[in-house]
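**Q** Sequence:
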Amino acid sequence: MSTEKKTLTILNEAIAPGESKEVNFDVANLHTTTPVNIPVIIERSKKIGPTVLFTAGIHGDEVNGVEIVRQLIAKGINKPKRGTIICMPVINVFGFINLKREFPDGRDLNRVFPGSPKGSLASRVAYKLITEVIPHVDYIIDFHTGGSGRFNAPQIRVAEGELELKQLAKIFGAPFVLYSKNLNKSFRNTCHKLNKPLLLFEGGKSLNIDDTVTNSGVNGAKRLLKHFGMLNSSFKSSSPKKECVFIKESRWVRAKYSGMFKPVVSLNSQVQKGDLLGNITDPYGKLNYFVKSPNSGYVINVNEAPIVYQGDALFHISTVLNDKS
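Per the working numbering, the sequence shown starts with residue 6, numbered consecutively.
Just so you know, the hints here were simulated from the structure itself, not pulled from any lab data.
Check before you lean on any hint, since a few could be wrong.
To be verified - Cβ pair distances, simulated, as ranges:
| id | residue 1 | residue 2 | range |
| --- | --- | --- | --- |
| 1 | LEU199 | LEU292 | 23 to 31 Å |
| 2 | PRO140 | LYS261 | 48 to 56 Å |
| 3 | ALA33 | LEU199 | 44 to 52 Å |
| 4 | PHE240 | ASN34 | 34 to 42 Å |
| 5 | LEU168 | THR38 | 27 to 35 Å |
| 6 | TYR262 | VAL32 | 31 to 39 Å |
| 7 | THR12 | ALA33 | 42 to 50 Å |
| 8 | LYS52 | LYS261 | 52 to 60 Å |
| 9 | ASN29 | PRO311 | 39 to 47 Å |
| 10 | PHE240 | LEU188 | 27 to 35 Å |
What the hints assert, rightly or not - DSSO-like, lysine-lysine: derived pairs with alpha carbons at most 30 Å apart:
| id | residue 1 | residue 2 |
| --- | --- | --- |
| 11 | LYS241 | LYS105 |
| 12 | LYS186 | LYS261 |
| 13 | LYS186 | LYS11 |
| 14 | LYS52 | LYS105 |
| 15 | LYS297 | LYS186 |
| 16 | LYS241 | LYS26 |
| 17 | LYS133 | LYS123 |
| 18 | LYS80 | LYS26 |
| 19 | LYS246 | LYS231 |
| 20 | LYS11 | LYS51 |
| 21 | LYS105 | LYS186 |
| 22 | LYS186 | LYS246 |
| 23 | LYS171 | LYS186 |
Keep in mind it's a predicted model, so treat the numbers as computed, not measured.
Note that beta-carbon positions come from the ideal geometry of N, C-alpha and C, so glycine has one too.
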């Protein structure tokens, strides 16, 4: 743990204990030659402590994650009682400008880690993040949302066997903790290989900001900072309303027909096998297909798109819980 009281040099900028600084994570200009400045906000206490990194916007259209980190900065939650807090609200600024998930070359930043200094633009951004920022941090909380109209219940994702992350997930206090494998070439998997604990938060959907999701992310961040002894005494950390549910296995319910779709079940709700989840109809009044739950479980994702095609994911439902976690 980086608890030594010394000057932190990151992205060629020196930040002394007790100092606040905004540094620039620059990689390339726009095609108009306009410089692209990706601000990195660093707040350091004079008291020694861990270094925590909050990141969002790895996918440019996942603005709810950006809003969570923005609130941490705007409210001053990122000013630590001890240690250092680094905030990177928008990593994929190129996608954020265009409100697109990928980089301009179509690459998904979260599938090119650890990157390369001579690779694609996305690969260069990944490389710079891994080599110039991550070595200085002890913990990372990375904020994401669902995509393509699919609304995720606030949830933390960890891989099985990561005992420290499971404990931190419980402290974060999102409604659900979902076991999921570390995907190859992802930011999470690369940090895992570097022994840098990373909590992945999922909540909401792309191109949308939801107050419930935002509050879940902000409150979870405060709980973690309190656990690390870093939360400023001017902020209170509330306990979660309900104990988080650990989900070991889950399944997607997919559309049997193409048509107009209307969900009738609420996100976060617990359903029984055979319960009505939604309806698929056609524009001509001939089709009215009832989508029913294939098993009992919690609804952790709902597709909010009004039009769906055969095979589209409609609902994500837990199948096996792990109450012992």
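**Q** Now tell me if each hint is right for this structure.
**A** Hint-by-hint comparison with the structure:
no.	hint	result
1	LEU199 / LEU292: 23 to 31 Å	violated, 52 Å
2	PRO140 / LYS261: 48 to 56 Å	holds, 50 Å
3	ALA33 / LEU199: 44 to 52 Å	violated, 25 Å
4	PHE240 / ASN34: 34 to 42 Å	holds, 38 Å
5	LEU168 / THR38: 27 to 35 Å	violated, 49 Å
6	TYR262 / VAL32: 31 to 39 Å	violated, 45 Å
7	THR12 / ALA33: 42 to 50 Å	violated, 29 Å
8	LYS52 / LYS261: 52 to 60 Å	holds, 59 Å
9	ASN29 / PRO311: 39 to 47 Å	holds, 41 Å
10	PHE240 / LEU188: 27 to 35 Å	holds, 34 Å
11	LYS241 / LYS105	violated, 36 Å
12	LYS186 / LYS261	holds, 28 Å
13	LYS186 / LYS11	violated, 36 Å
14	LYS52 / LYS105	violated, 40 Å
15	LYS297 / LYS186	holds, 28 Å
16	LYS241 / LYS26	holds, 25 Å
17	LYS133 / LYS123	holds, 11 Å
18	LYS80 / LYS26	holds, 16 Å
19	LYS246 / LYS231	holds, 17 Å
20	LYS11 / LYS51	holds, 10 Å
21	LYS105 / LYS186	holds, 25 Å
22	LYS186 / LYS246	holds, 28 Å
23	LYS171 / LYS186	holds, 13 Å
Hint check: violations occur at hints 1, 3, 5, 6, 7, 11, 13 and 14; the rest are consistent with the structure.
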